[in-house]
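4 protein chains.
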Amino acid sequence: METQKHPERERFYSRIGALNMTPLWESLHTLVPREPETPCVPALWRYQDVRPWLKQSGELISAEEAVRRVLVLENPALRGQSAITQSLYAGLQLILPGEIAPSHRHVQSALRFIVDGKGAYTTVDGERTTMHPGDFIITPSWTWHDHGNEGIAGVSEPVVWLDGLDIPMLRFFDAGFAENDSSHAQQVRRPEGNSFARFGYNMAPVRHAHSSATSPIFSYPYARSREALDTLQRQEAADAWHGFKMRYINPLTGGYPMPTIATYLQLLPKGFRGKTHRATDGAVYCVVEGRGTAHIGGQQFTFEPQDIFVVPSWAPLRLDADDDAVLFSYSDRPVHDALGILREAFLED
Amino acid sequence: METQKHPERERFYSRIGALNMTPLWESLHTLVPREPETPCVPALWRYQDVRPWLKQSGELISAEEAVRRVLVLENPALRGQSAITQSLYAGLQLILPGEIAPSHRHVQSALRFIVDGKGAYTTVDGERTTMHPGDFIITPSWTWHDHGNEGIAGVSEPVVWLDGLDIPMLRFFDAGFAENDSSHAQQVRRPEGNSFARFGYNMAPVRHAHSSATSPIFSYPYARSREALDTLQRQEAADAWHGFKMRYINPLTGGYPMPTIATYLQLLPKGFRGKTHRATDGAVYCVVEGRGTAHIGGQQFTFEPQDIFVVPSWAPLRLDADDDAVLFSYSDRPVHDALGILREAFLED
Amino acid sequence: METQKHPERERFYSRIGALNMTPLWESLHTLVPREPETPCVPALWRYQDVRPWLKQSGELISAEEAVRRVLVLENPALRGQSAITQSLYAGLQLILPGEIAPSHRHVQSALRFIVDGKGAYTTVDGERTTMHPGDFIITPSWTWHDHGNEGIAGVSEPVVWLDGLDIPMLRFFDAGFAENDSSHAQQVRRPEGNSFARFGYNMAPVRHAHSSATSPIFSYPYARSREALDTLQRQEAADAWHGFKMRYINPLTGGYPMPTIATYLQLLPKGFRGKTHRATDGAVYCVVEGRGTAHIGGQQFTFEPQDIFVVPSWAPLRLDADDDAVLFSYSDRPVHDALGILREAFLED
Amino acid sequence: METQKHPERERFYSRIGALNMTPLWESLHTLVPREPETPCVPALWRYQDVRPWLKQSGELISAEEAVRRVLVLENPALRGQSAITQSLYAGLQLILPGEIAPSHRHVQSALRFIVDGKGAYTTVDGERTTMHPGDFIITPSWTWHDHGNEGIAGVSEPVVWLDGLDIPMLRFFDAGFAENDSSHAQQVRRPEGNSFARFGYNMAPVRHAHSSATSPIFSYPYARSREALDTLQRQEAADAWHGFKMRYINPLTGGYPMPTIATYLQLLPKGFRGKTHRATDGAVYCVVEGRGTAHIGGQQFTFEPQDIFVVPSWAPLRLDADDDAVLFSYSDRPVHDALGILREAFLED
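Residue numbers (full-length UniProt numbering), protein chains in the order written: chain V, 1 to 349; chain A, 1 to 349; chain C, 1 to 349; chain F, 1 to 349.
Because the hints were derived from the structure by calculation, they are not lab data.
All C-beta atoms, glycine included, are put in the ideal place defined by N, C-alpha and C.
Hints may contain errors.
Restricting the straight-line Cα-Cα distance to at most 20 Å, the calculated cross-link-like pairs of lysine to any residue (SDA-like) are [what the hints assert, rightly or not]:
| no. | chain 1 | residue 1 | chain 2 | residue 2 |
| --- | --- | --- | --- | --- |
| 1 | A | K275 | C | R9 |
| 2 | V | K5 | A | E59 |
| 3 | C | K5 | F | K5 |
| 4 | C | K5 | F | Q300 |
| 5 | F | K5 | C | E64 |
| 6 | V | K55 | A | S14 |
| 7 | A | K275 | C | R207 |
| 8 | A | K55 | V | E10 |
| 9 | V | K55 | A | E8 |
| 10 | V | K55 | A | H6 |
| 11 | V | K118 | V | R79 |
| 12 | C | K5 | F | E65 |
| 13 | V | K55 | A | K55 |
| 14 | F | K55 | C | A18 |
| 15 | V | K5 | A | E65 |
| 16 | F | K55 | C | V206 |
Reference listing, derived: stretches of chain C covered by chain A, where coverage requires no fewer than 3 residues with Cβ under 8 Å from a Cβ of chain A [what the hints assert, rightly or not]:
| no. | region |
| --- | --- |
| 17 | 67 to 78 |
| 18 | 115 to 121 |
| 19 | 146 to 153 |
| 20 | 218 to 228 |
| 21 | 273 to 279 |
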C-alpha cells in the first residue's frame, strides 16, 4: 500500500496517533503474516571458543558474588535481550571447586544440562543431586535451589553446564517473581536419589499428592537415557528426519517435564543424512557425542561435542552425522501445544 | 553492582560480546525481578473521543481496500507495536452499510465485542451471525471468516465493534500463518443459530467430533448473558472485589472459549465500591452499561458506556460504579494458567 | 467339551473344588464370549397400565412411611434384583399434594425425569427446584435431597416421575453408603434457579471451586431442551439412526452430567423410520411426546407418551415415529467409556 | 418393616409383580445400605496346597486343548461365578516346557504375575517377553496374545503365573467380545524389550501416537521394581498402614496401567506391624517374598511366598511381617475412581 500517494491519510494517522491509535490497514500484512518471519537467526557457539572465556570468568568474579556465574548466549539478532530465541534463554554456568551458587527461587523454570566436568551438585527442594556430563536436571518453577562443587571420588574440577530457562517468556507475560533464601545453601532433607526412587521406576508411591505442573523426577541421568537410545539403535530403523529422538516425559502425566520447556535426547547414527524438518517451536541444541553438520535455513554449521546451536522458529533443519552423534535439545513446544499454534512439516528433499 | 569500578570486567564483557555472549550477573536482577515490572501502562479510550475518527476512517478508506478497517488501540508505552498489553491486541472496527470485510483466516484467535450499531454480521466457517450490541463473538484460530453490513429490520447504520486478538503472542512465538479466501464472502452453508442450537443449551449432538481447542459456540448473545447477571444480582451478594463476574466457558470443556484469551462479563451494582485486586494477566475492559471509576495502579479513570480501558499485568485494580455497570473484559489468563505462572491477590484495603 | 468322557477330570474338578478352585477350560467360552450375551430382556411398561397401581400405592402407604414411594420396574429376566438392566435401576415415584419424601443422601447417583403432574419440588443441597413434565433433575452422589408437593399456581395434584439410579452398580462394586438427615426437609439456603443462573448460561462464576464429578446444573428444564430440538429439526436433516439426539452435558467438563449415567433427549420427526443401531450400554427410555414403535432385538413395542421401555446391552434397536416423538433416555455409557469397553454399530438395514 | 401385618400390601405386591414391578419401600434399606455389605469373604490359597493340583492339571489336559490351563480361584462365597471378588477374576496358569497357549484376544484386560519357574514367554501384539518370577506383565484389552514355554539358558521347567482379569466386570456390563487367532502363535514382529526401551526410561519416542487406555509398557520387570523398593526402604520411614507401597503407572498418563485394574508392589519391613486400612476396592494379593500375617475383617491368615489371598471391599486390613515381605496386589480401584465412588479410611488402632 503506497502511503505516499495519500497525504490526507498521513494527516489522519498523525491525528489519531495523539489518541494512541494507528490504522491497522497499514500494518495488517506484517501483523498477520502469511508465514512466520522470525527476527531470530541461526547460530552456533563452539565450546572450544567459549571455554577460555568461561575459565577467565572464574577469575573475574566469584560464584557467590555473581549469584550465578553465567555467560549468556545471545541470539546475534536479539542482542541486549538475553534471549537465544524470542522466548528462550541459554547460558553456560561455571562453578569452581569449593564454590557455592546461593539458594534462591523464581517463577522461571530452569533446566541444567551438564557439559563439562564432574563433582558439582544441585540441591532442589531439600534433595541434592550429583551432576555428571549428559545429565538433565530440572529446577522447577518457584522451588528453592542452589549449586555447589565439592568434588567427587577425590576429583575436584571446574564444572560447566548449560542453563535453559523461560526468562523471555516470563518477561513477555509479566509474571516473574523471585526470592533469595535466608541461608546460602539450603538444608538437605532427603537423601540423594529419593525422587528418582519414588517416580523414576514406572511406579509412584500410593500416598503422594503431587500438584506441580513439573516432573517429580528432577534428574534424568545420562546413563539411563543413553541406554534407551542404544537399545533403539540396535532394534529399530532410524527416523528419516530425527534419527532416534526421544522426548523426556513427566511420568505422572506423560507430558513435558516442565510446562514451558520441552526437552529431547536424540541419536543420529554414523553416516546419517537427515531429511528436512521445520516446526514453529524454536530450539537450542547441545552436542553430547559425535561430530556432524546442522543445515539450518540455508546455513551450515559443523558441530562437535559440547557445542551449542540454535534453530529459529520455522527454520528448515537438516542434520548429518559423521560419527554416532547424540544431541540434547530444548524448545518452547509445550506452549505451542497449549496455545494450539504448533505447526510442523516433514519435507521430502 | 557498580561496573565502573571494574575496568577489567568491562574489557571482558566487550570481548565476549564479540562471541554473542554477555555476563548474567550484570542483569540478573532485571531478568529475574522480585516482582513483575511491566512496561505497559494503564490507559482509557473515551468512545466520545474515538467515534469521530472512526467515522472519518469510513470516509478515508473502504472496508474492502482496508481488508479490516480498524483503528488499533496502542498502549501508550508500547507505541509502534500494535499492542495494548505485551501479549494482546485491541482495535475498533467500523463497517458501513453495504460493505464487506473480505474472507480470510489466520492462526491468530479473534474476538468481536459489539460496541455500537446493528445490522452487521460475521460469517464463521459457513455460518452467519447477526451482531447486536453486547454480543461476544469468536472467530477461532485458522477459521475462515468475513464480515458484512446488510442492515436489519429496515435499519441500515454503521456498526462498530471491539476486536481482541492474540497478535503479539503469535509474533512472540513466531507461529503466525494467514491465508486469503478465493472469494470475498464465503458461502453460507448452515442456518444462523445452528451452532448455538447444537451446543448452547447444555446439550451436545451425540454424533459430533469436536477436536478444536475453541468453543463450538461462536456467538454468546448479550440478551442471554445479561439475564444471568440479572438473576445473580437479585439472588446473591456481590463479590467484594469483582461484583458479579462471570467467565464465558467452552461448554465442551468448561475451560476458556479460546486457548489464548479469557473473556468475562461483570456487573457492578449501583454504588459498588470494590476492593483491590491484582493478577499477572493483563486485561482489556469495554464498558457496556453504566458509569463508574477504575482505579488502576494509582491512577483514576472515570468510564461510561463504550469506553475501553487497559489494566496492565499485576497493576492493582479497584472498580467503583455510579449506576449498575456492566463490563466486558478479556485477558491472557489461559496462557498464565497453561504455563503455571498465574498469580493473583485479593487485597483488604 | 464333553466332560462325560473324562471321569478322571470330573474327579479332579471335585477335589480342587474343595480348595475353592475350578477348571477354566470348562467355562472359558462362557466367561469370555465371542459377543455379549446379556441375561437382560427388552420390555415396555405402558403408563396406562401402571398409573392405576401408582394411584393405589398412594392409598397404601404414605411418602413419609415409605421414605420413597416408588414402584420399581424390574427387568422380567432379572426379577428380585431391583434392576432394569444389570447395572441400572428404574422406578416410578409418586408424591401426593402435601407430602414430603424425607431428606437423605447416598453414594448412588439419581436422576428424576418428570412424567406426570406438576407442583412438586426437589431440594438438592439447599436449593429447591420446581418440577415440570419433561424436566431432567439430578440428585448428585452423596448430596442431601428431599422432595415435596406443595402445588403450584393454585394447582395441587399428584406428581409422578421416573427415578433412574446406579443402584446395581454400587452393589456390584460394594461401595454404597447412605445417611438419613436429622430433619425431614432440609433448610432452603439458596433461591430457586441459582445453580442454573451460575452455570446454565455458558458462563461460570469466576470464583467458584467445583470439585464434584457431577454437573453443577441440577435441573435441565424441558422448555429449554425442547427448544434446542425444535431448532435443529427446522435446520438440519435427521440422523438416519437417531433422528435428532442430544446428550445432556456437564457444562464444566463437556462430559456426562453424572459419572455413572448418561442422559439424552431425542426427537424423531413424524414418519421417521430409523436404521438399526446397537451399543454395549443398556438404556432406559421414557416417552415424552408422540407415538411410535421400538423394534428391539426382534420384538416390537408400540409406545405412547409416558411409556417406559428398556433396551438391553448390544440389542439391535430400530425406532419409528408416527408423530413427532420425543424420547428421554439414560444408560451406563459413561462407565463403558471410562473402562474403554464401549462398542457400537450403525447398521445399514 | 413387618409386612405380615399388612395383608393388603402383600396382595398389592403380588398384583404389581405381574407387571414386573416391586415396592421400593420393602427393600430400600438393603438396596441403599448404610455401608457396603459385600457377599465376598476373605480367603487365602496356600501355594503348597495348590501346587500339586496344578501339577496334576498338567497331566490331565494339554495347554493347547485347554486353550488356557488355569485353575480359577473362586471366592468361597461366590462359588460358580469364577470370581474372587464381585468384579475381579483370579486364576493360576500352568505352562509346561514345549507347550503353547494359543493366540486370541478379548475385551477383557489381563495381567500376569509370575509365581513359579522360568523360561516361559508371553507375546503381545508382535513382541515377545520372557517371564521371570515377580515380573508384572499386561495383555491389554483387544490385543492378540499367546504364551509358550521354550526354556531359557538351558533350563526347561514348568512355569506358573497368576492371571488377574476383569471378567466379572465385563459380564456385568455385558460388553465382552473375543476372537481366536488364525494361527496358534502370532508372528513376532518386534525385538524383545522394544516397548520398554521406547517407554520405560522416562522418555517416549517423539513420533508415536498412542491412543490406548493401557500402558505402552507391557512388562514391568521385578528386578527394577524391587530396586525401587529397596532404595525407599533404605531412605525413608515406612508408612504406618502400607509399609512401602508403590502403584505401577502408565508412563504416558501417570494413571493406572489398565483402565479397569490397579496394580501395586509393596514392601513390609521385617517386624512391621501395620495399622488398619479399609477401602471400597476389593483386592487380591500375591506374596513374592517373606512371611507374615494378614488380618482381614477379624480373621487371620499367615502367608508365605507364592500364597494368594483376597481382601473384600471395605474389609479392614492389617498387615504384619516376620521377614522383609514383598506383596504384589491388584484391585478394581480405577473403576472406583472413575465412578467417583472410592472411599478409604486409615484407622488409628
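Evaluated hints:
no.	hint	verdict
1	K275(A) - R9(C)	violated, 82 Å
2	K5(V) - E59(A)	holds, 16 Å
3	K5(C) - K5(F)	violated, 55 Å
4	K5(C) - Q300(F)	violated, 42 Å
5	K5(F) - E64(C)	holds, 18 Å
6	K55(V) - S14(A)	holds, 16 Å
7	K275(A) - R207(C)	holds, 15 Å
8	K55(A) - E10(V)	holds, 16 Å
9	K55(V) - E8(A)	holds, 15 Å
10	K55(V) - H6(A)	holds, 18 Å
11	K118(V) - R79(V)	violated, 32 Å
12	K5(C) - E65(F)	holds, 15 Å
13	K55(V) - K55(A)	violated, 65 Å
14	K55(F) - A18(C)	holds, 17 Å
15	K5(V) - E65(A)	holds, 15 Å
16	K55(F) - V206(C)	violated, 66 Å
17	67 to 78	violated (count 0)
18	115 to 121	violated (count 0)
19	146 to 153	violated (count 0)
20	218 to 228	holds (count 5)
21	273 to 279	violated (count 0)
Going through the hint list in order, the structure does not satisfy hints 1, 3, 4, 11, 13, 16, 17, 18, 19, 21.
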